[in-house]
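Work from the hints to combine the two standalone chains into their complex.
These protein sequences, in sequence, are chains A and B. Heads up, the first sequence stops at 137 in our numbering, and the numbers go up one at a time, no gaps. Heads up, the second sequence stops at 182 in our numbering, and the numbers go up one at a time, no gaps.
Hints are all accurate, no fakes.
In silico negatives: residues of chain B with every beta carbon more than 10 Å from chain A: (1) Q53; (2) C55; (3) T57; (4) I113; (5) N115; (6) E117; (7) G129; (8) V138.
As a list, the in silico BS3-like pairs of lysine-lysine whose alpha-carbon atoms are at most 25 Å apart: (9) K86(A) x K26(A); (10) K79(A) x K94(A); (11) K54(A) x K130(A); (12) K171(B) x K107(B); (13) K54(A) x K26(A); (14) K171(B) x K157(B); (15) K66(B) x K79(A); (16) K79(A) x K157(B); (17) K79(A) x K60(B).
In short, the hints are calculated from the structure, not lab data. Being a predicted model, the structure only gives us computed values, none of them experimental. Every residue, glycine too, gets a C-beta built ideally from N, C-alpha and C.
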Amino acid sequence: MRIPILKLHNYLLISIQVEMDDNTAIQFQEDLLDKIHQTGASGVVIDLTSVEIIDSFIAKVLGDVVKMSDLMGAKVVLTGIQPAVAVTLIDLGIHLQDVPTALNLEQGLIKLRQELGE
Amino acid sequence: MTMDLQSCVTIEKEWDIVKARQLGREVAQKAGFGTVDQARIATAISELARNIYLYTDGGKLCFEIIDNVEQKGISMLSVDNGPGIEDISQVMEDGYSTSGGLGAGLPGVKRLVDQFDIQSEKGKGTEIRAVKWVR
Ligand SMILES: Nc1ncnc2c1ncn2[C@@H]1O[C@H](COP(=O)(O)OP(=O)(O)OP(=O)(O)O)[C@@H](O)[C@H]1O
Ligand SMILES: [Mg+2]
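Isolated chain B (complex conformation) (with noise of 0.2 Å):
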C-alpha cells in the first residue's frame, strides 16, 4: 500500500475551518473523486473542524490519500485534544447539540462517508476517522 504525503490543517481560527475543507476538495479531487464526493467529503471536514473550532481548545485534521491494489480513497482524521465526549451515541444522535446548533454534524459525518471510527477519552481528546472511498 503506498500513501501520499499526509497534509494537515491546525484548527484555531475559524478560518481554519475554510482552509480545512477546501484542502480537503483538493485532495479529493486529486484522489479522483467526482463533485458529489468532493462535496460530501469538503462537508464532512467542515463539520469536523467546526467541532474542534467550537468544543476544544485546539487541534487538527489531516487528509491522505489511500492507494492500494483493490482500492482508492481520502483518509480523514480529526484529533484533539479538548474535554472528550462521554457518551459517544449520544453524540451520535441527530438532533443533540450542546451549542444550540442542528446537531446534524456527528450523525452526518457518518453517513457522508464510507467508514468512521470515533475515539474519545473524558479530559483528553478526541479522535475521529472517516473514510471515503472512489467508486
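Next comes chain A alone, as it looks inside the complex (with noise of 0.2 Å):
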C-alpha cells in the first residue's frame, strides 16, 4: 500500500488515511525523501487526522522522517494528531519534542510559512 503524497504550491501534502503497517511506513519515508528530492519541496505537512494509533514503531519512522526531511532542507508539520493517540504517546514516553505540530491542515499550513519565514 502506498500513500498518496500532493504537491501544492513548493509544499508538500500527505493525509495519512490507511491502517499503517511497518512496511507501508518504510515506503513512505523513503517515496516522501524521493519527492522532496524531486519537488524541491521547502515544507511539508503530514494530517494525522484518521489516524487511530501510533506505537512506537511508526512514532519512529515519523521522528526519523521529520529530522531526514529537514536534512534535505523541507520542514515537515504534523497535524491532527488524536486525543486518543496523544495520551498513548505520552504513555509510551514518546514526547516528539522537536517536531513542530499544529491541530489541523489549514494551521499547520500556516506554522509552516511561519517556521519558514514566507
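Shown next, in the form of C-alpha cells:
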C-alpha cells in the first residue's frame, strides 16, 4: 500500500488514511524523501487526523522522517494528532519534542509559513 | 467469574501485527472501554505483537474479556517460544533496544495497562500477561 503525496505550490501535503503497517510506513518514508528531492519542496504537512494508533515503531518512523526532511532542507509539520493518540504517545514515553505540530491542516500550513519565514 | 471465548492471533507475518491490534480494539470496544483506553489497548497489543515478530520465530496473542462481579476488563496474553529474555529489568528500561528501536515498547506497555507480568526462560520463550480494567 502506498500513501499518496500531493504537491501544492512548494509544499507537499500528505493525509494518512490507511492503517499503517511497518512496510507502509517505511515505504512512505522513502517516497516522501524522493518527492522532496524531485520537487525541491520547502515544506511538508503530514495530517494524522485519521490515524487511530501510533505505536513506538510508527513514532520512530515519523520522527526520523522529520529529521531526514530537515537535513534535506524541508520543514515538516504534523497535524491532527487525535487526543487518544496523544495520550498513548505520552504513556509510551514518546514526546516528539522537536517536531512542529498543529491542530489541523489549515493551522499546519500557517505554521509552515511561519517556520519558513514566508 | 465468567469469561468470553478467547480469541487469538498467530504472529508470523508483519501484517499479523495489524490484525492483532484490530482484533484487540474490537474486543476492547465490546468490553466497554472508551476511545482513549481502546487506543491504549491497541497500542499495547501492537508493541507485544511486533516484539514477537521481530525477536522470535513465532508466537501468538490472545485476548479475553474478564467479567466478574466487581470488575470488567480485558486480558492480553503474549506467548512465544523465542530465545527468551535474560535480563528482564534491562528490557523494562526506557530506551533499551537490541534492534535500533526506541526501546519504548515494553516499558510503554507496562504504563499503558493496569497489570503487567512477564515471565521468560532462556531458550524456551517469553510469556507476558497484561490486564486493563474498565474504569
Ligand atoms: N518476545 C521477546 N523475546 C525475546 N526478546 C524480546 C522480546 N520482546 C522484547 N525483547 C527484547 O527486549 C528489548 C526491548 O524491547 P522493547 O519492545 O521495549 O523495545 P524495542 O522493541 O527494542 O524497540 P521499540 O519497541 O521501541 O520499537 C528488545 O530490543 C529485545 O531485545
Ligand atoms: Mg518493541
